[in-house]
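K.L.:
Relying on the hints, combine the two individually framed chains into one complex.
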Amino acid sequence: MTDIESRLRRLKPEVADQFARIGAVLRADLSETEFAQWGDVCWTLADAGWHGWEVTNDFIALSLDLANDPTQLLQVGDYCTALVSTSFEPGKTYLRGVAELNQRSDYKNQRAKTKSTKINSAEINGADKKGAETKASQNRDEQSLLLIHETGREILNRFQQSSNMHANFFKTAFAIAIDQDLDMLSAWCRLASLNARLERSSLLEFLDLSFAAQQQNWIILADIGVCHRDNAMAYLKFSGKIRYAISPVEQPLAELALTYSKGQQSIDEWLLVLGKVLPLLTESQARALIEYTGLLNGVFEATALAETASRLPLTQHEVLNAWLEGRPVNENEKIRLAYLKLESAVSEQCLQELLGQVQLHEEQRLLQLYAEAMSGTRLKIEVGEGLPSSDGQVIRLPSLIDQFKDRTENFRWLKTALIHQLGCYEFGTFDYRRGDSFIAFEDQFRSFEQPMLAETLFTICESARVDWLVARRYRGAAADLLLIKTAAAQDRAFEGLSQRRQLLESMVLYSLDTRLPKPLAESVRVATVELFKYMDQLKDAGADVQTSMAVMAACYSIVSGTEIDVKPLEPVLYRGLIAFDDASINLQLTALEDLEADFADSDDDGVQMTGASDEANPNIDELQAGDVDNPSAVISADEDMIVPDDLDRLEDPAGMQKMERLKQERKEPAEITYRYDEWDYVIEDYRRRWCTLYEFRNLEQDVDFVPDTLSEHRALATKVRRQLNMLRPELLRKVKGVADGEELDLERAIEAVVDRKSGVSPSENIYIQRQRKERDVAALFLLDMSASTDDLIEAEATVYVENDDDYLHGFSAVSDEPVKERGKTILDLEKESVVLMAEALEGLGDSYAVCGFSGYGRDRVEFYVCKDFDEPYNYHAKGNIGGIKPCRSTRMGPAIRHASKMLAATESRIKALIIISDGYPQDFDYGQDRNSKDYGIKDTTRALTEASQQGVQSFCLTVDPSGHDYLREMCPDQQYMVMQDITQLPDELSKVYRGLTS
Amino acid sequence: MTVSNTEQLSTEPKIPYYLPLADEVEIFLTAYEQRLPVLLKGPTGCGKTRFVEYMAYRLFRGENSEEVRRSVQEPLQTVACHEDLSATDLVGRFLLQGDETVWQDGPLSRSVKDGSICYLDEIVEARKDSTVLIHSLTDHRRILPVEKQGITLDAHANFLLVISYNPGYQNVLKDLKPSTRQRFIAIDFDYPDEEQEAGVIAHESGVGETEAMELARLGARVRNLKHHGFDEGVSTRLLVYAGQMMVKGVAPIRACEVAICKAVTDDADVQQAIGELVRSIFPA
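Chains V and B supply the protein sequences, listed in that same order. Quick note on numbering: the first sequence equals residues 1 to 998 in our numbering. Quick note on numbering: the second sequence equals residues 999 to 1282 in our numbering.
Chain B extracted, bound-state conformation (with noise of 0.2 Å):
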């Protein structure tokens, strides 16, 4: 199981960065207002995550929050969903301390009472049980059946669901049920322009503009090879990793090919012509 606090606001007041492409900031904040669930869309690494982790510390720590969200201690609880994440995972479940049996809750059934912002990452891939338990949460009802202490939770009103799914690289089998999909609002994500990207990677890694751009020109190029042994291109956040490789004096051709060429794909031709690309780009 995985369950991480990834944020750990009330301790490190950083805002997160996250440049907006449309105007996903506006519909997520009028989804929240109606306490919609939102789904996200896109492929790994253009920042769904970080913009779920921007939109909590808007929510719940930004100037404008009420005195209610800025008390909850976990504004954002995230899950990486796995194929062995059941019900009981997100519930709760009861341990065994000594000789007696102790309740623990876990992420949902937490956020679901705080009333926190809980993220399911790569909803998909996670057992079929334990998407069906949001279903409850996710329409009129509000509410979070915990089977194994024979009660049901009331969701707090600032309790928002939030989840993601890659339609990308997930197969047929893996793909998210309509019963499932139709709860939500759903926010399509995809890699920023050369531009844009070039910003994010000269913020994130601190790398110069010239390189930055550089960096967003390869990765759009090495997005055009998709299909050619690996389902997705490279992400913003290698490229991030590449750039800030380079800050810290790798030379930007070495930065690429341990960050970008090798991370990939295993596909020895497509490394190679990757490579070739890197080498196009930058100077020796």
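Extracted from the complex, chain V is given alone in its bound form (with noise of 0.2 Å):
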């Protein structure tokens, strides 16, 4: 023994000094070999290698806490000089874990002993029982060690030089060994040995994982491990990392992985998706959302349904259950996952259903119809973001409304809304002027203290005036604001605010016509009457905007005094947010802009409006002359204000620049997007407004490429015109009184025979005729802009002979002018055929337009329109024309729909859709697989049949040689060509055109 402290004491004085105390008091307890083996554990461990003697020191710190069991004391060490050939760092962590697991049972007896004495000493049954719960404590804590013990073992043998590793293994083993019971360790230990079979980085993985997440129920994922180890693993990074959402959920959904492995689906995508959305859901929608998963049909369902689960009413269990029972369980799998992503129409249309909401866009353009009614302005109706609002141009109204369950009482929440909007524009909201400034409101608000205070005021008193002046002037709409206005109160907090918040509180709650909660402190009674009084003044029929103010600044007198309180006052939804500034300055620009236009058109000589006179000052307030007193709506003021004494005024430059300041101030009009169905043959429905189209008016301007092409191909374009001159009227007009015809003009006839009655010689023109006189034509043209028709036209293909006789039969192949030069492009062929074309129907006076097309997925089609059905054909057309240019992909159906939507717009009897395109429509996500061509072909052949149905004929010509094989799909026979020279293009199109319209 001296021997050993002799040796550890070159090694470190500190050990051997410990060793020789620790040792005197063990030597007591250890018989005489056990004694000799412990001290040869003791060197083994400090003679291990570097820092071995930590190991030591640590071992015999703990050989005093086991000394009572030298079996198990002797049994560690054995154990732990095996840990220490590598690195001393395995070793120091098992011992650390050792001790740690040894005081939780000592600190566990302890404190069963004292609950046991404490309870009732006499009662020796249940000091047995506590005596036997101790006992079964200590044999757990020693079959835990076992159990480690044996997995550590199997992973050192496995990977015997990763000292770390081991480490890592020994921290997570005794953590969860102490904090969970024996059968949760051995779950650990038995997913522990099923990494070791694996490679060193998948069990490195998993210690970090599961050291990181330890609250675990370790059975379950041991048996998700059994049938699907990755699977284990994912829930294991999922779980740690978003730990806190899934507690109340936590049994449920690992039993759903575990089901989800035994049938060894992997569970990766679904865990992703749950990843972002559980953080978002409160704990019962959480738990209704696994429980919904749980009746469904395997690991991708349940993805689709994690993927909707934000969107769906989750608490709403008779909704969602009907929802999930009407969903398609028979079909394939596609038309299950669409609806569940609630992508289908179907789908979208049966929770809507369910839910009573109303779609906004479902009732655009009555609400539109509705709101120009009403206001006599174009006053768009778009969808917006969060509350309804208005800028004076556009009203924007939420785009789904699911504030009650009933669709009916949706819909007169969106009504009341937009009435409440309107009411602004026709109570004259916006007639409020401070002296010169442009920004009336903001000004008046800074002159007070707080500024912010008094918007609030402003905006509750304007609000509250509003609804009363609709009431009184709307019986009908009056029943609605009652309705929506009840409900809103209900949604109003009022106890524990501060008195700020309960006096503006309680103003709100008066302009909602409610009561107020009772008992209030007796100084916000006392204010509120004094509120209230002054609010009444609102009440009156003549209130307009000024009152509104006053009101505001007299109540500002009463809350100001109060305790400042930042926080903002929740808005009342249905009056949404009114931009007062934008509104009014919007109103002020579109009623100069309107008078400049007049001015333009009554001055023939085009006076520049600069260069006139500099006298008075102009004030360009007084514009609004409005009378206040006629309540017909904002058209009416807007005509009020062109009198002749503000044209004068415009003349001056002073006004001048105040309009180019409020236009500067004026916010450019958002782009314009269209949303539009997309079919989707997979799940034999549409996928709601899927696509999402954008509307562009101005290209980039190419001037020269009109005339460039006017004059290389002057003779192709006589031909052109000539071809399409020999275009007759189509529509029959019956012309009464000739001399030869189908029928009898019988008035004429009895006339006829009066007359030569009466001895009068009688006319012969007595009959009807039917007479081709008119046409009625729209034609649009549509191009394919994609990337493919950069491509250059082949050399040989690019010549052109003038062969008049020979036009139906398109060109020879005998030059004897070579019109094209190299370098050509197909989308500079499509171009310059619609130029001939376009030129050449200037001449027949059908009307026609020009687009293009293009874009890059669903969320992205871009429509060019180079020239609109009614614009003329000028140099801005003719520039747009010129200015296409190939872009990205080909998603026709989104495109033709437009179109289509287009040429229905102009109500033409005839409607011709002529497409020209470079090869099948396609797009990176038209269709889930990007190489089949299948959806997009689908989806097109289906806008096509949309098309027809809206009575638009359209055409296909495609340069693409193998377009036979899918425009065989998409149309009949006769309504597409497949060109197998692009260079007939011009000749062709003009054929063409002549079939459909005539």
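Don't read these hints as lab results, they were simulated from the structure. Heads up, a few of these hints could be off.
Unchecked claim - What follows is a list of derived Cβ distance ranges for each label pair:
#: 1; chain 1: B; residue 1: VAL1245; chain 2: V; residue 2: GLU742; range: 16 to 26 Å
#: 2; chain 1: V; residue 1: ASP870; chain 2: B; residue 2: ASP1186; range: 24 to 34 Å
#: 3; chain 1: B; residue 1: ASP1267; chain 2: V; residue 2: ARG714; range: 47 to 57 Å
#: 4; chain 1: V; residue 1: ARG311; chain 2: B; residue 2: ASP1267; range: 22 to 32 Å
#: 5; chain 1: B; residue 1: ALA1249; chain 2: V; residue 2: SER447; range: 46 to 56 Å
#: 6; chain 1: V; residue 1: ARG909; chain 2: B; residue 2: ASP1267; range: 19 to 29 Å
#: 7; chain 1: B; residue 1: HIS1225; chain 2: V; residue 2: ALA787; range: 33 to 43 Å
#: 8; chain 1: B; residue 1: ALA1020; chain 2: V; residue 2: LEU483; range: 42 to 52 Å
Stated by the list, open to error - Computed footprint of chain B on chain V; a stretch qualifies when at least three of its residues, placed anywhere within it, have a C-beta under 8 Å from a C-beta of chain B:
#: 9; region: 374–385
#: 10; region: 472–481
#: 11; region: 751–759
For each residue, glycine too, the CB sits at the ideal point set by N, CA and C.
P.N.:
In structure tokens, the structure reads:
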């Protein structure tokens, strides 16, 4: 023993001291052999390598704790010596773990003891029980240790040179052993040994993850691991990240994961989605989601549901059950998934009906008409984010209304929100002026010490005034308003607010015609009496925006005395937000623009507005001379503005300057976007509002293109024109009083008989003939602007021949006048053909439009309108056509739908859509499988069918030699043409046009 | 041919109700003094016909009217023009009676002879030959050639030609030719403002003041929509019809539905929008 001690002393004197001290104590507890063994262990540990003495130190310290069980002590010692062969770390970790485990059981023992004595020492049974418990616990710890030993050994054997990993293992193992019960530990060990059979890295990953997420149901996880090792890892990773979010649903979630793993389904994707969704859900929502997931079939459906979760009313069980009930169980997977993802029209509709929701886009036209009727101006209704709002040009309403459970009520909410916005216009909210300022409202608010408060008060007063006036003037709307107001009042919180907030809330409640909650603090009660007295002025039929301002100022004097509460007032949802100054500026500017237009119209010489007199400082505010008493909407106010005086004023440079200022302050109107459904043949349903189409009307101008083309193809242009001129008017008109015809004009015939009888010579013109006299054609040329149209046309094909006699058969190959040069692209030729057509059509008088399309992905379909039907074929339109450039993909469906919509709007008798493309419809997300052409073709086919249902005749021209393959599928034989030689395009185009429109 | 004697004033001496909106009555009276032909312009159902009836009453049956005029049997000859209305229809024709031919005067020649007001409603609808026919009547000559009989009628001193025309919905092809147009003094008509219209509605239909005001309000709102599927706004006449239905106990919303929503347009969306307007204005 002294030998070991002296050896230790040479290594590290402190350790030797400790060895001597503890050794002295231990000698009493251990037998001779045991003690010798103990000494050997100490030395082996110390001698194992670098920092070995540290392990020895720990071991010696631990020895005292384990002294009452020498076997275990020596076991631990032996085990530890195996660990330290490569590094001291695993050994240290291990010993620390053993020490902690030991401490825990000691602590438990003590607690158990104190507890049992506390309760009743006389109750021997109870004491026995406790004793048994203590024993069991001790027993359990021993078993834990055995388990750890066993698994550790396995790992040690497999990965010998990985001291870090070993250390990690022990760290985690003991942590679990200490916190959780034996079954958990054994499950974890099972998992660990499972991973140990794989690569080093996977075990390392497992150890890291499980240390990070120790609070697991390791039993289930082990089962998962047995079925599908990757799933277990994925689950571990997932649960480590959002521990807090999954805790309420842990058990069912893990069970689901197990079920999927048993089916050998990978749960990676599902967990990924859940990881994003769960943190956003409330506890009950999360529970519902997992519960409903349990009803589904397989992990793909589960993923789909998780994706949609944030849009589903998870807590409305009846609705959700009914919706899930409606899912197409027997259909193929894609249909089922689309349903769960709320992508198919059936699904969306089903859910909407169940919820009684109102989607704005379904009611948009109705509301647009309603708003126009009410206001007399073209206030555009748009889908907006958040609350209803308005800026003088556009009224934005929320896209989905789900305030109520009933559809009718939701619609009433929507209508009321709109009426409130319209009411602001009708009742002159934006007529407020303050001196020369263009931001009258803001200036007025700023004149108060607390501008925010002033604005809040004004918003309350003004909304109250508008609502009261609406109810007064529109008795029908009053009923809706009452319903919505009552509902809005229920959402208001009152209790526990600061005094200021209580005052503001009481004003809001008063404006909602709702009684205040009782009891009120005396000071609040007194103040509200005063406030309501002021607000009553707003109920007057003659109250205008000035009244609101005055009432606001009066209320301000009361409310501003209270302590400031920076928290903003919750808005009343249906009243939304009104950008007072924006709207006011926009209205003034619109009026000024109208004025300018009138001025320009009335002045033939086109006198420059800026170059006029410098007289009397103008006051644009006077433009707003709209009769305040005249309630009949904005338009009358606008008309009133246009009085001669104002015209003079505009000639003034200062006036122009102000106008410029206004224009700068005016916000850019939003881009024009449209949403279109798309047909998915896989789910056999429309994907609703799937594509977003942007309409552009200003392209980069290339003004030379059209003149160049015309001078280059003068002969061809003439020919195309001649061909088109042969088109006859196709509308029949009855012509009466002709000498020859299909039927007799009875009246004239009788007259002729009478004339003959009375001796006058009768007229011979007594017949009716049908003659073709009119044309009523609208044609839209839709050019494919995809990147592939940038390809050069092959050299030998770029030759034209003028051969007038042969135009019906295209051009022959003999050339005496090479018209085209090298270096033209397919798109160039498309453009040239359209230019030639346009020139000819101008002569014919048919109305036509030229558009191009491209885009990238379903969220960005670009549609370029170079020339609209009612636009003149002028410099701008020509420049637009010239400016068409190859862009990106060919998503045909939405472009065709948009084009048909434009055509349908023309209300012409014959509507022709001519599509010129160079390949099959494709886009990177046109169908889930990028390489599959089917989705795009099926959607395009559908779009063409829709077009023909709207009375649009379509024709596809393509230069893709393989065009027959898919065009045959997309349209009937007589509605497409594949051009072998692209240079025939201009000629073919005119033929196609003739065919379509006569 | 649509020729009607709209006013049997001798047997029915009721004064036609007309609410002057501006100076149209004075202008018409002055024009009549000088025997200047009058052109009335304005949308459907805004009261053009009623105005002519009213003026005919004032001039031929009014307290200050001359005895000669009082004796005229039919002071107003109204002809609703249509696309087949020929010169013969206006002037007259030979009819067969047994084996004989008998001359039958048309409304215009009757009016020219009697010295009454001849009102050609929607003149642009008529055939070209009939519009040219009135040229000689509307200048200093004041004559009507009757081709079939080979005679020329000199207009009676009290004769006046009034035509109406609706610039709103006629297409460009059917515009009035300048040669015709420039023979008339033109009085513009439009729908009255809300309050005046409410007065008319209340008088004509007998509805209460509130309902009349609400109907007028509805009218003004619906007229804001006139570019959507219908070229003309709702006429005062239709508003009066709605009022009449309401007086007889039809619920306001239903009355407006049948008299206005369905009547002015076939576009389902516009109908629905008007329906919503009605529901906003009238209580359920």
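K.L.:
Does each hint fit the structure? Answer for all of them.
P.N.:
Taking the hints in turn, this is what the structure says about them:
1. B:VAL1245 x V:GLU742: 16 to 26 Å: violated (51 Å)
2. V:ASP870 x B:ASP1186: 24 to 34 Å: At roughly 28 Å between Cβ atoms, ASP1186 (chain B) and ASP870 (chain V) fall inside 24 to 34 Å, so the hint holds.
3. B:ASP1267 x V:ARG714: 47 to 57 Å: holds (49 Å)
4. V:ARG311 x B:ASP1267: 22 to 32 Å: holds (28 Å)
5. B:ALA1249 x V:SER447: 46 to 56 Å: holds (51 Å)
6. V:ARG909 x B:ASP1267: 19 to 29 Å: holds (22 Å)
7. B:HIS1225 x V:ALA787: 33 to 43 Å: Distance hint for HIS1225 (chain B), ALA787 (chain V) holds at roughly 41 Å.
8. B:ALA1020 x V:LEU483: 42 to 52 Å: holds (43 Å)
9. 374–385: Our answer is that it holds, as 3 residues pass the Cβ test (under 8 Å) against chain B, meeting three.
10. 472–481: Result for this restraint: holds, n = 8.
11. 751–759: holds (count 6)
In terms of the numbered hints stated before, the structure departs from hint 1 and from no other.
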